[in-house]
Each structure stands twice: as C-alpha cells, then as structure tokens.
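Residue-level listing of the chains:
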Amino acid sequence: MSDVLLQVSNLSKTYKDKNYWFNRKCITALEPLSFDIMAHKTLAIVGETGSGKSTIAKLLVGAELPSTGHIRLNGQSLEPGNFKQRCQHVRMIFQDSGTTLNPSLTIEQLLDEPLQLNTKLNETKRHQLIRETLQKVGLLAEHMSFYPHMFSGGQKQRISLARAIILKPQVIILDEALASLDPSLRSQMINLLLDLQQQMGLAFILISHNLGIVRHFSDEMMVLSKGEVLEFGKTTDILQKPKHKYTKRLIMSQRFQLLHR
Amino acid sequence: MNLIDIRNLSIKLQTSTKPIFAVDRVNLTMKEGEVRGLVGESGSGKSLLAQAIVGVLDEKWQVDADRFHWRGNDLMRLSAEERKAIISKDVAMIFQEPMACLDPTTTIGEQLEEAVDVEQLTGYFWQKRQQRKLAAINLLHKVGIKQHEVCVKSFPHQLTDALCQRVMIAMALARRPMLLIADEPTAAMESTNQGQIFRLLASLNQLKNMSILLISHDLENVTHWTNTITVMYSGQFVEAGTTEQIFNQPYHPYTRALVDSSPKASRMIPNKSRLMTLPGSIPTLQHLPIGCRLGPRCPRAQQKCVHAPKIKNFHSHQVSCHFPLKDNYS
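Just so you know, the sequences run in chain order A and B. Using my numbering, the final residue of the first sequence is 263, and nothing's skipped along the way. Using my numbering, the final residue of the second sequence is 325, and nothing's skipped along the way.
Because the hints were derived from the structure by calculation, they are not lab data. Note that the structure is predicted; figures quoted are calculated from it, not measured. Errors might be hidden in some of the hints.
So, partial list: chain B residues that the calculated Cβ filter (under 10 Å) puts toward chain A [stated by the list, open to error]: (1) Gly38; (2) Ser42; (3) Gln46; (4) Leu52; (5) Gln57; (6) Leu195; (7) Asn200; (8) Gln201; (9) Lys203; (10) Leu214; (11) Tyr249; (12) Ser276.
Heads up, incomplete: computed chain A residues facing chain B, CB under 10 Å, no partners named [to be verified]: (13) Lys60; (14) Gly64; (15) Glu66; (16) Ser69; (17) Gln157; (18) Ile167; (19) Leu169; (20) Pro171; (21) Ser186; (22) Ser189; (23) Asn193; (24) Asp197; (25) Leu198; (26) Arg251.
We put the beta carbon where it would ideally sit given N, CA and C, even for glycine.
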C-alpha cells in the first residue's frame, strides 16, 4: 500500500547494575530485534509480564535510551534526545486512563498542553483543534470545561485517545489500553480505533494479552518471551499454525475456554 | 434442595433526597454442587450482591428481600449473631487482587494458621499448635502448592499473583465451606495463570462438591467453567439460564450484545470489521434511568420499557425483558 512508516533495526536494551563496581552485572531486557510497520497496519506484541513488551514501548516513545539499534520514521532517524520530533509522530496510550490524566486540569487544558509544547498555533486555532479532536473521538465540545473525574472509564480512555491523536501522529502505541475496559465499551473503543486508522492512516502498536482482540485487530504479531522474539509474522498464520511451544501454550490457555461450546 | 434462594433482593442507599437502588429486585438461586457465573459490567451491583450474601455490607446500605433462604433457613428473620454463625461456617469468599488482600507484614504460614478452624483441633495446647501447623500445610497441598516449606515462610510480596490467589483459596477452604464466592478471582492476571486458578476451582467443585459463585465482568472468560449464568446490568436482573442457553440463544438484547461484542466469541466475523456494540455508556448511580435500565441503550426499546419488566420463565431460562428475542431462534 505504502512505504515503510516505522523501521526498527537491531533494537536492544540492557540495564547495568550499578551496585558492583567490579564485575558489573548486565540485565538484558530486550534482545536485538527488528521490524517494519506500514501505515494503516497494526502490529500486536504479545507476551507475559517480564517479556519486554513494555520496554519496546518505552524505547519507541523515547522514555528510555536504547543500548543498540536505530529507529527510523519515514526514512528519517529518530535521535534519542530529540523529543520535539518524536512527540509529534509517536504517541502512546496507557492502560489505566484514570491515573494518567491530571485531575487538576480541565480537558481543554489537558489537550492544550501538547499543542503549546509542540506547535506554534495561536489560541483560537488551538481551541478549534481541540474541539474538532473531541468530536472525532465521540465526545462533545462542551466536555472541554469538564474535569477528568466527571467522566466514566470509557470516556476517560477516549480523552487519552484524543490527547494522542491531537498532534496528528503517525504511530500510536497502545500499552494494554483496552484491558481495563468493560466489554461493551471495549468494542466501542475498538470500532473507534479502527475508524481512526482508516481516516488518518495511523499505524498502531498494540500491546495486549487478549488474543481475541489481537486476532481481530492486528495484521502482524510478535510473540515475546524473556526479551526474545519467538515468532513474528502474519497474525492469522501464527494463530492458526503456531510453531513455538510457548505460543501454542498461550493460545491454548485462552482458546480452551470456548473449545467445547 | 436449593443451597441459596434469593427472590427480589434490593440493596438501597438512603440519600438526602431519595433512595438509590444500587441493586433492584434481583433473583438468584443456586443448587448444591453448582458452578454459577454472575456476569455484569462495572457498576452492575454484582459485588454488592455477593457482599450482601456474606453479610459484610456497610451500615449505610439497606438490604431488603422477599425471600433470602440459605438451605431452607430464612436469613432475614435470624438475628445478626445467628446469621453470622451460619454464614461463617458455610460460606467463604475470595477477592480480586490477592496480593492486596493478604497481610503484607506476616508470613503466609501464620496467616493460614490463623484461618484454621478451632473446632477441628483436639488435645492440649501444644498438640493443638502442632495440628494447626499441619492443617495449614494440608491446606496448601489441597490447592496444589507442593513446596510448602518455602511458601509457609515467605511473605505475600515474595509470591506471584497466582500463588497468592491459591493461598487465598486455601484460607477460604479452611472451614470447609459449602459455597465459595469468587469475586473476580483472576482480574489482572496473566492468561496462563488464569487457567490454573479456574482449573483449581473446577477440581474443588468436582472433588468436594463445593458450590461456586463465580463473579466476573467478562462473559467469555467464565463460559467454559460454569453450569449456569446469571447476567446483571446496572443493578437489575437481566437473564439467567444454563451456559448453553445464555451463550448460544440469549433472549435479552443486552446479553446478545455482550456475546456479539467479544471478538473471541464470534469467530466468524472478518478481521478488522466493526464489532456490534450498544451505544452510550453505563449509567452512573446518580442518574439511573427509570423502568428497564438498559432502556436508553437498547436497540429494541419501546414505550413500554419505562416500566420495569416482569421476569418471564421459559423452561428455567429466565429473562427480564418486555420484548425478549425468543422468536429469533425457532
């Protein structure tokens, strides 16, 4: 469809234990890995806790510095310290939307912050953009003067989404963003994300352990365990013919629930 | 005989203006040896209902029921002490987030010994102490923890989530209850660990004939493990029946939407297609709609729905809707 949007090559992360001066220990959080994402596509990352899936997310948004490797966006290298460039294009939504929104700011102030820091728009234009973005995620313009505690869980997640898309990014990282929602709100959210992907040509990186959502939502998937990539390929292929023992166990543990129905 | 038989249970919160019915006329019956799923989204009052059964609700909540029987005893007529004696002997409860429910300052062994029933011990106090230790270790074996030496000495933070939940179940088993209420036992757990806990509960049900009330917010998670399911929405009873009835032929529009909205359940739908959803969001307690509380979100709502529907019974498949989807499956 289009060229490679995000190109990750040889990315790895090791933590050094600073307690020992001699004989320093290294903890490997992520073995070197490479992948590409196109626009309009979704990559799902699956794994248990401690498998390094959140480390990937942190490396991609620049919250952590990679030990080795490069991240390229549209062929341009993303420098480790250059947040201005990265904030524009790579955004992230967290698991618990209730605690990631500042409770002392109104929604307008919350959404205004990234605009002030990253763009040179004047106040009326910013106001206009916030209004449009809120409508895009299915909220009303009147919600601008509300505080986060006045919303329900699903609406808060929509606000986080609005905050993510307001800078018109190209990549959005969903770190378990759908896990804590109720089923009926979760499917609303999935529909909304799919619509936005259609409209804006976003690429999603979905970190999840619900294989049902992964199957429905993603084009490619990556199975991680202890920082290593076990399998990487088309979602349908992996879910139908898992090669690795670990993947098989993961699929079995979720699929047995409906096997006999 | 029915283990528990609840008819028209309401839990109400008295506010300055008008009472709020957090749970509005809910029915629940359980037979001995049954695994019943209680499914509802957040704010549906499923945890309140469980707490009302155990009797650990706050003073501010008022519980009314037409019938509230435990193995033939009317619990509403008993005094608080008698009720507590019955319930604490026969009912046990486990909670979500086991890590947070265990005492972080004491070892697992001490906490387990505390839970052991005094009546099971005989002899002098030094003998009792020995028996108590043995009973605690036995309990750990019962829930499938083999290395009891390590486990007994460790603190809750040293164990994984699944192990903590096993310890919680062990504590619940200490008094050999007839009914175990599991309030979202696997929330925020890895899927492989979830399977372990559910398998343990299922084996307890099979081997000891213990009834289990499995509370969950996700229909698809519990379907494999339950015989019967009760669905609640926003404090109201929605539908009850066997798992097959609920999952394959839901009569209520809400249950239909729940089944359709889970991407795992309806495997026929193509990749990246739109999922079926109900519009709007779950109402808060302050702004509950009158009549059927699903009304504003329901695709089949009509004028009649401003009155709360009566429960209709089709071959032990109960549904609370004016316009059930019964004719769709003939």
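For each hint, the structure was consulted:
1. Hint on B:Gly38 holds. Least Cβ distance to chain A is approximately 9 Å, under the 10 Å limit.
2. Given the 10 Å rule on beta carbons, the hint for B:Ser42 is violated: about 14 Å separates it from the nearest Cβ of chain A.
3. Given the 10 Å rule on beta carbons, the hint for B:Gln46 is violated: about 20 Å separates it from the nearest Cβ of chain A.
4. Against a cut-off of 10 Å between C-beta atoms, the interface hint on B:Leu52 is violated, since the closest Cβ of chain A lies about 23 Å away.
5. About 26 Å separates the beta-carbon of B:Gln57 from the nearest beta-carbon of chain A, more than 10 Å, and the hint is not met.
6. Checking B:Leu195 against chain A by beta carbon gives a least distance of about 14 Å; that is not within 10 Å, so the hint is violated.
7. Nearest Cβ of chain A to the Cβ of B:Asn200: about 16 Å, over the 10 Å cut. The hint is violated.
8. Hint on B:Gln201 is violated. Least Cβ distance to chain A is approximately 16 Å, over the 10 Å limit.
9. A cut of 10 Å between beta carbons decides the hint on B:Lys203: the least distance to chain A is about 23 Å, and the hint is violated.
10. With its C-beta approaching chain A no nearer than about 7 Å, B:Leu214 sits inside the 10 Å limit, and its interface hint holds.
11. Residue-level restraint check for B:Tyr249 holds (minimum Cβ-Cβ distance to chain A is 9 Å; threshold 10 Å).
12. A hinted interface residue such as B:Ser276 counts as satisfied when its beta carbon comes closer than 10 Å to some beta carbon of chain A; here the least separation is about 5 Å, so the hint holds.
13. Because the smallest distance between the Cβ of A:Lys60 and any Cβ of chain B comes to about 20 Å, over 10 Å, the interface hint for this residue is violated.
14. A hinted interface residue such as A:Gly64 counts as satisfied when its beta carbon comes closer than 10 Å to some beta carbon of chain B; here the least separation is about 28 Å, so the hint is violated.
15. Contact between A:Glu66 and chain B, as hinted, is not supported at the beta carbon level, the nearest pair being about 23 Å apart and thus beyond 10 Å.
16. Nearest Cβ of chain B to the Cβ of A:Ser69: about 27 Å, over the 10 Å cut. The hint is violated.
17. The beta carbon of A:Gln157 is positioned within 10 Å of a beta carbon in chain B (closest approach about 7 Å), and the interface hint is therefore held.
18. Given hint, A:Ile167 at the interface with chain B, is violated; its Cβ is 18 Å from that chain's nearest Cβ, farther than 10 Å.
19. With a least beta-carbon distance of about 25 Å to chain B, the hint placing A:Leu169 at the interface is violated under the 10 Å criterion.
20. Checking A:Pro171 against chain B by beta carbon gives a least distance of about 20 Å; that is not within 10 Å, so the hint is violated.
21. At its closest, the beta carbon of A:Ser186 sits 5 Å from a beta carbon of chain B; the interface hint therefore holds under the 10 Å criterion.
22. Residue-level restraint check for A:Ser189 holds (minimum Cβ-Cβ distance to chain B is 4 Å; threshold 10 Å).
23. At its closest, the beta carbon of A:Asn193 sits 5 Å from a beta carbon of chain B; the interface hint therefore holds under the 10 Å criterion.
24. Interface hint status for A:Asp197: upheld, as the beta-carbon distance to the closest one in chain B is roughly 8 Å, under 10 Å.
25. The criterion of a C-beta within 10 Å of any C-beta in chain B is not met by A:Leu198, whose closest approach is roughly 13 Å, and the hint is violated.
26. About 7 Å separates the beta-carbon of A:Arg251 from the nearest beta-carbon of chain B, less than 10 Å, and the hint is met.
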